[in-house]
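Asker: Chains as they are written, first to last, in the working numbering: chain A, 1 to 100; chain B, 1 to 496; chain C, 1 to 634; chain D, 1 to 508.
Check the hints yourself; a few may be wrong.
Partial list, derived from the structure: chain D residues whose beta carbon lies under 10 Å from chain B [stated by the list, open to error]: (1) F39; (2) I65; (3) G146; (4) G150; (5) Y163; (6) L172; (7) V173; (8) T186; (9) V188; (10) W208; (11) A212; (12) W451.
Don't read these hints as lab results, they were simulated from the structure. This one's a predicted model, so the numbers in the text were calculated from it and none came from an experiment. For every residue, glycine included, the Cβ atom is placed at its ideal position computed from N, Cα and C.
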Amino acid sequence: MIGLSHYLIVSALIFSIGLVGVLRRRNLLMLFFATEVMLNAVNIAFAAISHYYNDLTGQMFAFFIIAIAASEVAVGLGILIVLYKKHGTLDLDDLAKMRG
Amino acid sequence: MLQPINVSLESLNLVTLAPMLIAIVGGLVILILDLINEKLHKSLYVMLTILLLVVDFGATLGLGVNERGFFDVMLIDGISIISQLMIIVASIIFIPLALTSKRFHEYSYPEFFALFLFMIAGFQFMVASDNLILIFVGLETASLSLYTLIALHNRANSFEAAVKYFTMGALAAAFYAMGSAVVYGLTGSVELYKVAEVLATRMNETGLMIAIFGSSVLLLVAFAFKLSLFPFHTWAPDVYEGAAAPLVGYMSVVPKIAAFVVSIRIFGMYIDLGVEWVRVTLLVMAVLTMTMANIMALVQEDVKRMLAYSSISHAGFIMAALALDTTEGTTAIFLYYALFMFTNLGAFAMLWISRRKKKAFSNRYDHPYSKFAGFIKIMPVGATIMALFMLSLAGVPPFSLFWGKIYVMQAAVNSGYIWLAVVMGLNSAIAAYYYLKLIVYMFLMEPVKKVDVIYYNLSKPLMVVIGFATIATVGAIFYVQPLVSYLYYMISASGY
Amino acid sequence: MMENLVYIALFAPLVSSLFSALFGMSKRQTFVGVIASTLLFISFLASATLASHIVSTGTPIHVTMMDWISAGDLSIPFGFLVDQVSVTMMTVVTLVSTVVHIYSIGYMDHDKSFNRFFSYLSAFVFSMMILVMSDNFAGLFIGWEGVGVCSWLLIGFWYHKADVSREENPSISPSWAANEAFIVNRIADLGMLVGLFILYWNTGSLQYDVVFETLPSLSGSVLNAAAIFLFIGAMGKSAQFPLHTWLTDAMEGPTPVSALIHAATMVTAGVFLVIRANPLFGMEEVAGVSYFIAALGTFVAFFAASMALVNRDLKRIIAFSTLSQLGYMFAAAGLGAYWIALFHLAAHAFFKALLFLGAGNVMHAMHDELDIFKMGGLKKVMRPTYIYMGLASLALAGIPFFAGFFSKDAIIETAWNEGTLVLWAILVITAGMTAFYSFRQVFLTFEGDERYKAFDIHPHEMYKFVLIAMSPLALLAVVAGFGMGSFEHFVTTLLPEYHMSEHTHHIAWLLGLVVLVVAVGGIAYAYKKYAKGLKRDEALENSFIYQLLANQYYIPQFYEAFITKPYAMLSEILWKEVDMKIVDATVDGIAKLLYKSGDGARRMQSGNLSNYLNWMAVGAVLLLLVAAFSAMLG
Amino acid sequence: MDNILSILVFFPAIAGLLGFIVDKESARVYGITVAAIEFLLSIWLWVSFDASNAGMQFVEMIPLIPDFGVSYYLGVDGISLFILIMAALMTLIGMISMSITENIKNMIITLLFLEMTMMGVFVALDAIIFYLFWELSLVPMLYIIGAWGGNLRIYASVKFFLYTFAGSLIMLVGMLFVAYIYHNLTGVWSFAITDWYALVLPVEYQLWLFGAFFFGFAIKVPMFPFHTWLPYAHGQAPTIGSVILAAVLLKMGTYGFVRFSLPMFPDASVMMITPIAVISIIMIIYTAMVAYAQKDIKQVIAYSSVSHMGIIMLGIFAMNAEGISGSVFQMLSHGIVSGALFMLVGMIYDRRHTKMLDEFGGLAAVMPKYAVIFGIMLMASVGLPLTIGFVGEFLVLLGFYQISPVMTLLAGTSIIIGAIYMLTIYKRTFFGPVTNEANKVLKDLTPTETWSLIPLVAIVIWLGVYPKPVLEPIDNSVKAMLEFMDEKAITKEAKELIIVAKSNQGGA
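Kindly produce the complete structure, drawing on both the sequences and the hints.
Answerer: Below you can see the structure in the form of C-alpha cells.
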C-alpha cells in the first residue's frame, strides 16, 4: 500500500535531484529547469499531504506554486534572452564579471 | 452537492486589502496611461506614483490594529501596519530619484513604475498576512518585479546581477515552498497561528523535533537568502554593484523589512514555542553575518560595494535583535530600519548623483574610493553630507543610526546577552574603518583627476531627497522618542 | 615692624631678580648690578636687624603670608619663621650674597649676559631665603627646588660652550654639568619628598612645630624611615657620596656662582635641613641614622680631601674642599652637635666664599686658565688676592685663631667626645690633608716661578672695589671664630646644647694640639714641595693611586658606563623594540589581521553563480549542523 | 542665566555654522572673537559659581527620549568647572597663535565644533549625552590631524579615531548595562549619572562594569599599553591639534574615571587600585624612558604627556582628597603646560619646518625670549615648586603614599626621569654653540606668539603660587564625592581605604 510517507520520500528525492541539478549544472537554462523540478517536488508533497489531511489548503498551495513557477519562468527567460543577446552564452562560468 | 458559498461582504473586511489594491490599481493605471499616450514624460509617472503611495500611506494608516480580513488570510496587526508604513515611506523617498538631470532609460519606461507599484503591493502582502501561501505569493510578486527592475538598468552588470539574484532567489523560493510543505505536513495548516496552536500541543513528541528541524532550516535558508545573512549573502554585493544606486539603497531596506516581518512571525513563533536552538542558530548567523560582512567590507575598493557589505552587516545586527525575541528586540528592528532607511537611501542617492555613464576612474568600478578623493574641495556641501551619512552608519552619535544601535544593544543587554552587545560594539568599531576610509578620501586627500563634474547627475528633486535624508539623519535625536514610543506601542499591541 | 623686616629680607632679592630680569635681554647695564647689590644689601640689613632683634629678645618671629596648597586635610601656608637658626642662615646668606653681587659687578664686567646673571643670582638668593625661612617642610622644599633651578641656570650660564670629551674637560660642558647637577639633585629630592609624605601621614601636618610636637608619639620605624628619606634629600643638595659628582662639575659656572652657591649657601642646605629637623635626628630611635650621617660625613670629608690632593684645577680643588668640609658639618650634626655644625657652616661660608672669590680673581687674571700647574708667582701681580686666599686657606686649614680653627676643631673634638675614635682619627688625618691641599694650591698659584709666562698670559689684579667688597669676608674669616661662645649661647636656645664631657674638656688642648700639628705638618709639606716651584714627578703622577685620585676614583666614568649609557640604551630599546615592535605592532597587528582575513574572506565572493549556489547549500548544511548541535547541547 | 551651560555648549556650534558664511579672509578673526566670547562666558560661569557648594550647579534637564531614559542633562561642579575654562582658554590661545593659513576657514569651523564637543563632555550629566559628545569630539580631531598634519597624517588620524572609537563602544555596552540594572531596580529608564550614583551594585557587577568603562577611558587617557596612538597623533597633528589633544581631549579619559568609575563603582575601584597603579607606574617610568630616546622634540612631549597622565591616574586612585584633588589639578596643569610646550614646538617648526633635535642647538642665543618661555614651561613640566606643575604632582604623590609607599617611590621617579628627558631636550635644543647655519638667522618670537604665550606663563606661575581659587572648589567637590563613595561602599576594604577628609567628617 502506498502511503503518505512514500509520497513524501519521492518528493524529497525529486527535491534533492533538483537541488543537485542546481548545484552542478553550468547552463543557466538547465539551472532554471532544476529549480522547476524542485518546485514540482514540493507540489507532490503538498498534494499528498493535502490528501492525507483531507484538506484543500495544500492543493491550493500547489496551484499557487504552479502559477508562480510559471511567472518565474516567464521573467527568468526574459532576462536570459537579454543576457544571451549581450553575451552570446548562457554558461554561468562566463558570468563572473563582478566578484570580490 | 456543494453548498453555495455564502460569504458576507462585511466578514471579508475588504478594507484590509485596500492598501495593496491601491498599489496594484495604480500600477495598472500607469500601464493604461501608457497605452493611451506613449510620449508621457517620466516626471508624470514619478508624481503619479508618489500620489498613489501617499494614498496608500493614508489607507494603511487608517487600518485598525489587530484585524483580520479576506477569509482571515490578511492579518493587520501592529507590525504589519508599521512595516507597511515604512515600506511606503521608503518608496516615496526612492521614487523621486528617478528625476536625475541625466537620462537613464529605465525611468522612461512606464513599466518601471508599474512594476515598482506591483512590487510594493507584493511586499505589503508579505507583511500583512500570516498565511504561508499569501506570504509566498507576496514574496514572489515582489521578487519577480525586483529582478526585472534590476535588469531594466540595462547594462551588462545589471543583467549579471539580475541573473544571479534571480537564480538564487528561485532556489530560495524552492526552499521556502518545501519548508511550507513540511510545516503543512506537520500541522495540517498553513496559517501560522494555527500552526503554533497545533505545535504547542505536540511539543513533547520526540519525532516532531526532526520535522521542526527540517521546516525551520528550510525556511531559514529561504529567509537568510532574502535577508542576505552569511553564508547566503553572496548575491548581495554583486547585485548591489550591478543595480542602479537608488535601487540598491531601496533594496537594502524595503525587501529586508518585509522579510524581517515574516521572519518575526515564523521564527518568533518557533522561539516562543521553546525551540531554543532556533534562537541559537539565528544568533550564530547574526554574529557571523555582521563579522564576515564587516571584514570583507574592509578590503573593498568600491564605495558602492562597500556599502553593500555594510548593509549586510547591518542586517546581521538586526538579525541579532530578532533572535532576542523580546518586545524591545522587535522594536529595535523597526527603529533600526526606520533610521537606516534615511541614511542609507541618502548615501546611495549621493552615489547616484555622481554616477556617470562611463567609468572614468576605474575599469571595473563605478564608484571607486579614488573618485571621491578631495571631494571636499570639489563639492564641500556634498562631501559634508556624505560624511554625515558615513558617520551615521558608523554609529557616531548623535546621528540617526547611533540611536538604532544603542537600542539594539540595549535590547541585547536587557535579555542578558551582554556578549552579544560587546560583539556588536566591536563590530561597529571594525565597521568604522571602512566608513572612515571614505571620509578620509573625501576630506583628507587631493583630487586624483581634474574632474569637476562628479556631481554629474544632480537635480532639484535629488537635492530635496538628499536634504530630507540629511535632516532625518542629523535630527534623529528629536524624533527618536515619538518614533520609539509609537513603534513600541504598535508592537506590544500585536503581542510581539 | 619686625614682620615687615621679614618681608623685606625675603623679597628684596626677588625684586632684585625681577628688576634685573627686565633687562635680561638688553645689553650690559652697570646700574643693574648696582641696584641688585643694593637690594641685596637691604636684605642683609633687614636680616641683620632681625638677628639683633632675636638676640636681644630671644623670641622668634613667625609670620604667615597666605595659604598655598590646601587639599583634603593638607594645608600648607606660606609661613615664615625667623628664629635663631634661620636668622643665622639669613644673615650669612645675605652677607655672602651681597659680597658676591658686588664682586660680580667686577667679575662679570665683560660678559654680555651681565644683566641676566644678576637676575639669576638674586633669584637664587630669594630661593635660599625661602628655604631657610620657611616654617614648614613644603616651604623648605620650594626653596630647595628653587635653589636647584637657579643652580642649574647659573652652572649652565655659559650655555653656548660646546660639549667636549671627558679627557679634555671632566665636566664636559657647562650645560652638561648643569643638567647633571639638576638631575642628581632630583634623585635626592625624591627622597626628601618621601620623607615629607611620611611625616605628613603620620603627623597630619608639614608645619615644623606640629611635626616636631607629634614626633615622640610615633613608632621607631616611622621615625627611622622619615629620617632616612630626609637625609637622602640632604645628601643630594650637600653632595654627599654617592651623589657628589655634580659639585665639582658645577665649577663650570662663573666663579661668583661657585662662591655663593657651591660653597657658602646652597650646598649647606642639606646640613641646614638636618639641623632644622634636629628634633627628629636627635631622637633616641634614630640614633642609628644619625650615626650613619656622621660616618658618611666623615667618609666624605676624607674622600673629598683625597681627591683634592692631586687635582690641578684651581676651582675643583676648592670644590673638593667644600665637599670635605660639608662632610665635617654632617659629622658634627650626626653626632648631635648641631650648633657646632651650624657654626662651622657659617664660618665655612665666609672663608670658602672668600677662597672662591680669590680664585675668581686669579681666573680673571689668567684669562680663565684654571690649571695651577700653569700658574705660579702670581703674588707679584696680585698681592691682595694672595693675602685673601692665604687667609682663607689658613682658616680652612684650621690654623689658630682663624675661623676654621674654632669650628673644625670643635667638630673633631666632638668626634672624640662621642667615643667614635675611628671617626676622630679620620677627621684628624683629613685636617692634615686639608692643610696640605689648600697650601699646595696657594703656593702653586702665588709662589714659585712664573709658569704662566710660557703661555703668554699677562695677569692683572682685580678692580679695587671688588677687592674692597671682599674685605668683609676676609675679616670674618679671620675673626668669626671669636664669636663662637656667644653664638653657642644664641643658638642653643633653640638647638640642643652640646657639651664636651669633663674628660674631653680636660684634654681639649691636647686634641687641639694634635690637629694643629697635623695641619701645620700639611702646610709645611706643601711648602717644601711647592713653594719653590713645581717639580713634576712623573712616576708619582703615573702611579695607580695618583691616577685613581685624579680621576675621582673613576666614579664619573662608572656612572657614565653603568647608569647613563645603560639608561640611554634601555630607553632606545624600550622605544624601538618594545613600544614600536611589541605594543604598537600588536595594535597594528590586530588591524592587519582583520584586513588580511577580509582579503581571505572575499575569496568566497568568487563572482561565480555556481559557487554562490553551492554556498547556499553549504549554508543549509551548516544550519542543520548548528541546529543539531545546539539541540543536543540544549 | 540658568542656562549658561547650554550657551557654553552650543554657542561655538552655532558660531561654527554661521562661520560657513564668513569670508575666508576674516575667518581667523571671527574664530578668535567667538573663542574669546566663549572664554569670557566660561569665566562668567566661574564668577557665578558657588565655590562652597560641592554639588552640581547650573543644572539643566530636558527629557529627550523619556522612553529610553535619555535626557539633556547638564551640570557643573568643582571638578569639571576648571577643565571647562581651560578648554575655552586653550582653544582661544591655540587659535590666536595658529600659524596655519591653508584652508583657514575650515580649520576655524572645525575648531569651533570641537570646542562644542569638549564643553559638552565636561558638562554632560547624562551618560548618553556624555557619550554623544565624547564620540563626536573624534570627528573634528580626525579632520584636524588628517587635513593639516604631517606625512603620516592619515594613518595617525585613522588610528586615533578607530582606537578611541573601539574602546568607547565597550564603554557604551557598560553604560547600557548600568541603565538596564537601574531599570530593573526602579522600573524607570534613566541614563542620568546622578541617578546612577544611587545604585549600590554587587561587587562582581562593579568589577565587570569597571572593566567596560576602563576600556573607554584608558584608551583615551591613554594608559599603557593603549597609548601608541598618541605619539602618532601628536607627531602628525598640526600644532593646534596637538595643543587641544593634549590639553583637553586626554583629560576626558581621566575625567571619566573621576565622574563615572569612582562614584559608581567604589568597591571595584578600590580593588583595582593595585592594577591601575602598576599600569600608571609603567606609564610614568616606561614612557618617560621612551621619551628620552626620541629624536623628535614633539614626540618627546607626546610621550611625556603619557608619563604625566600616569601621575594623574595614580592620583585618582589614591582614594583620598589629597590625591584626587591633586589629580584634577594636575589635569589642568598638564593641559596648560603641555599645551604651551606643543605651541612652542610648533613655533620652531614654523620657522625651520623640522622638529628633529639634531637640527637644533644653541637656540638660546638666537631666540632668548623663546628659550625663556620654553624654560619656564619645562620647569613647570618637571614640577618645580611655585609653578603649576608642582601642586598637582605633589598632592598626587602625597595622596598615593597613603595607599602604597613603595609604589609612590616608584612613581616619584617621575620627578627624576622627567627632568632627565626634559633637560636633555632643552640642552640639545637651546644650549651649546649654534652649529646649524639655518639656526643662526632664526627670528625670536613675534609679538603675536609672545602674547599668546604670556597668559599661559602667567597662569603657570599664578596657579603655582596661589592655587587656592582653583583648588578649593575642586577639593570641595572631591571631598563630597569621597564621602559619598565611603557611604556607598559595601566591602570592608573599600570602607577602610577610602579616606574621608577629617574636615568633612563633621556629621559622622
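Asker: What hint numbers does the structure not satisfy?
Answerer: Hint check: 1, 4, 8, 9, 12 fail, others pass.
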